[in-house]
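A.B. asks: Listed below, chain by chain, are the residues.
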Amino acid sequence: MAGKTGSALGWVVVGMIAAIAAALLLARPSAAAYTPMSATTLSTRALTEVVPDSIANAQQVRLGQYLVRAGDCASCHTREGGGFLSGGFGLNTPYGTIYSTNLTSDKDAGIGGWSADQFYAALHDGAAPGGGALYPAMPYPYTTRVTRADSDAILAFLKTVAPVNEHQPPNSLSFPFSVRPLVHGWNLLFFRSGEFAPTAGKSEIWNRGAYLVTGLGHCGACHTPKNSLSADKTRQALQGGTLDQWVAPDLTQNMRTGLGSWSVDDIVEYLKTGRNAHANAGGSMAEVVAYSTSILADADLRAIATYLKDQPPSPEVGASAPDAAMRRGAAVFSDACTSCHMEEGAGQPRFFPPLRGNAVAQQTDPTGVLHIILAGDRTAATAQRPSALSMPAFAWKLGDQQVADVATYVRNSWDNRAPPVTATQAKAVRKSLGLKKERLTEDSTDR
Amino acid sequence: MSDGEISRRKLLLGGAMVGAAVVTGAAVHDGELGMPSQTIKGALPWREGAADAPPIATGTDYRFFTAAEQAFIEPAIERLIPPDDTGPSAMQSNVHVFLDRQLAGPYGRGDHFFLGGPWPKGTPEQGYQSRFSPAQLYRAAIPAVESYAKSQHDGKSFRELAAPDQDAVLKALESGEAKLEAADGKGFFAMLLQNTLEGYFSDPIYGGNKDMAAWKMIGFPGAHYDYREWVGRHGERVPYPPVSIQGRPGWSES
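Chains A and B supply the protein sequences, listed in that same order.
Residue numbers for the first sequence follow numbering that gives the first Met the number 0, so the first one is 0 and each next one is one higher.
Residue numbers for the second sequence follow numbering that gives the first Met the number 0, so the first one is 0 and each next one is one higher.
If we strip away everything but chain A, and leave its shape as in the complex, we get:
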């Protein structure tokens, strides 16, 4: 960037950085209180309902409906008990709660009055009609890659979604994150707009996968690590991220933490059914599978898998676990875990996930495995695998040291390897999950 205009722009950027840095220094971490996951049944029939030929632009609407599945729009833009895509779902961010917008055809509360240009600007530039900026909780750094034709198709479908006249609640963000114009500075620093361009020399299926993974599918929104301002560390794309007390695992070819040991077929089966020989989809991924990948075309799942199988492995992390922790962990594991996961961690593939070679267990950040041990987890229910199997919570039964030890044991047995876990880490996750006080089922007796 040479010349006068270049340096002027440079000063603007420096000013913005200074402003954001100052804002960050003033900011106090005030993460929204964690909302425990529960069995959700979103009204998503509209995702799979056959679009009748009687509609004028049926072809385009059908494409749009499919793309709304591919983008998993429903998971965030539909709340429990709310109308399909009517928004109002609270996203917990490190800066507070952001509520998703109403995407129904309602002209007042939804996007019924939006033009195709306005909608494309939102997806492509993160711009709201009237020039305001969307918060990057909306994954426009990904949807910017969506083609204009696909954007128009999505809007055409959304205009057929039953109108719901409901405005989302105001966001509860801490200062300075509540100052929306600061997003312009964030965009200058971290956002590069641009439609997807196929990579020459790669197959058509690879490029289709790249379009879905790095575009509408916004996999990296969770699976790419974030910097201190929640922007992607783009050089570590898909190497795994931590958000809202979950770890979105590494999706690179790392043999331990990533998809190195998964075949293309394994990935397709996981995305299609929520389970495969290696893992069950739990946590937030259960929703992604339920409302998106399980209702995508097999060819697209294969494309996604093909692209993911071509990601260079993330770096290996060395680890060694203390003997005493391993001994205690083995004792807890033998008594509390083996009825499903078996003594040698073999599990019951497709029912109870094997822990030998388990990627979630071996993530460098233990938040995910601690979350599952403390609070339990639930597998996605799909057409192919309709039973939403669940793992019980152990927070009431295991102390922080025991949770840490059994996590350390699982992370370092049967050729697994990952940094040991401390009681302090277990305690912190317990606190974040609101599990310091025993949480009882509604039909607990004898109390």
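None of these hints come from the bench; they were simulated from the model.
Careful: at least some of the hints might be erroneous.
Short derived list, chain A residues pointing at chain B, Cβ under 8 angstroms [stated by the list, open to error]:
(1) Pro35
(2) Met36
(3) Ala323
(4) Val331
(5) Ser333
(6) Thr337
(7) Ala380
(8) Pro391
(9) Glu437
(10) Arg438
(11) Leu439
In silico EDC-like pairs for lysine to aspartate or glutamate, Cα to Cα no more than 16 angstroms straight-line [unchecked claim]:
(12) A:Lys396 <-> B:Asp202
(13) B:Lys185 <-> B:Asp166
(14) B:Lys40 <-> A:Glu79
In this text the structure is predicted, and so the values were computed from the model without any measurement.
Each residue gets a CB set at the ideal place from its N, CA and C atoms; glycine is no exception.
With chain A held as given, fit chain B onto it using these hints.
C.D. replies: Just chain B now, kept in the frame of chain A:
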């Protein structure tokens, strides 16, 4: 005919009892009589972090038994399970704590029993037939047993008796030979023996079976609840040490 007649008085009394049960009854839990049916739609109910965790007994103080009752219960259970070379006694295993916590809680209140009338004499096969909750039975029976003991043994209380005399009192209760003033002595003995065995062998979280000693004695591994990997391994000793619902020392030792 008159036996089969429902008198007006009985009917009114029965109605009043049912009304009282509805008004004062403890909360009805899922799966119990009187719980309205539920319809589950969509997904099975599930909430992250929620557990049907059992209440864990704490402390070794008395919360139900009075001093007078303790004076009977302690020597009585010690005669039912005395200390010997095989294993600890009932008192050494904190069975008295188990009994105390059970009688102070829902079991003692008879929350899971139907205690309403009528109360005809049942057959032995019909099990516990009494208008008393277990706590009420202990409360009524213990002083009656003490009176019986005094009447048989020169005014000595149960605790003051030598072991053979204590055994004689307990045997008389068991056989029904001892007729108590205010309670069914045979029914009480059956309940006391049953509860003592339960306290001796049940999970330590309920207050008894201290240090899982009873489980160690009989080689029972406790709450280690899956042995599929051992089904085909004949003649081998299962190496698992006993474990309580709340864990075992191996979970925490350094």
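A.B. asks: If a hint holds in the structure, say so; if it doesn't, say that too.
C.D. replies: Each hint tested on the structure:
Residue-level restraint check for proline 35 (chain A) holds (minimum Cβ-Cβ distance to chain B is 4 angstroms; threshold 8 angstroms). Nearest Cβ of chain B to the Cβ of methionine 36 (chain A): about 4 angstroms, under the 8 angstroms cut. The hint holds. Here the hint on alanine 323 (chain A) is kept, as its CB sits about 6 angstroms from the closest CB of chain B, short of 8 angstroms. Given hint, valine 331 (chain A) at the interface with chain B, holds; its Cβ is 5 angstroms from that chain's nearest Cβ, closer than 8 angstroms.
Hint on serine 333 (chain A) holds. Least Cβ distance to chain B is approximately 7 angstroms, under the 8 angstroms limit. Restraint check, threonine 337 (chain A) versus chain B: the minimum CB separation of about 6 angstroms is within 8 angstroms; hint holds. This hint holds: alanine 380 (chain A) has a C-beta 7 angstroms from the nearest C-beta of chain B, less than the 8 angstroms allowed. Interface hint status for proline 391 (chain A): upheld, as the beta-carbon distance to the closest one in chain B is roughly 6 angstroms, under 8 angstroms.
Restraint check, glutamate 437 (chain A) versus chain B: the minimum CB separation of about 6 angstroms is within 8 angstroms; hint holds. Proximity of arginine 438 (chain A) to chain B holds as hinted, the smallest CB-CB distance being about 5 angstroms (cut-off 8 angstroms). Taken as an interface hint, leucine 439 (chain A) checks out: its beta carbon lies about 6 angstroms from the nearest beta carbon of chain B, inside 8 angstroms. About 14 angstroms separates the Cα atoms of lysine 396 (chain A) and aspartate 202 (chain B), which keeps this hinted pair within 16 angstroms; it holds.
With a C-alpha separation of about 14 angstroms, the suggested pair lysine 185 (chain B) and aspartate 166 (chain B) falls inside the 16 angstroms cut-off, and the hint holds. Distance check on the hinted pair: lysine 40 (chain B) and glutamate 79 (chain A) sit about 14 angstroms apart at the alpha-carbon level, within 16 angstroms; holds.
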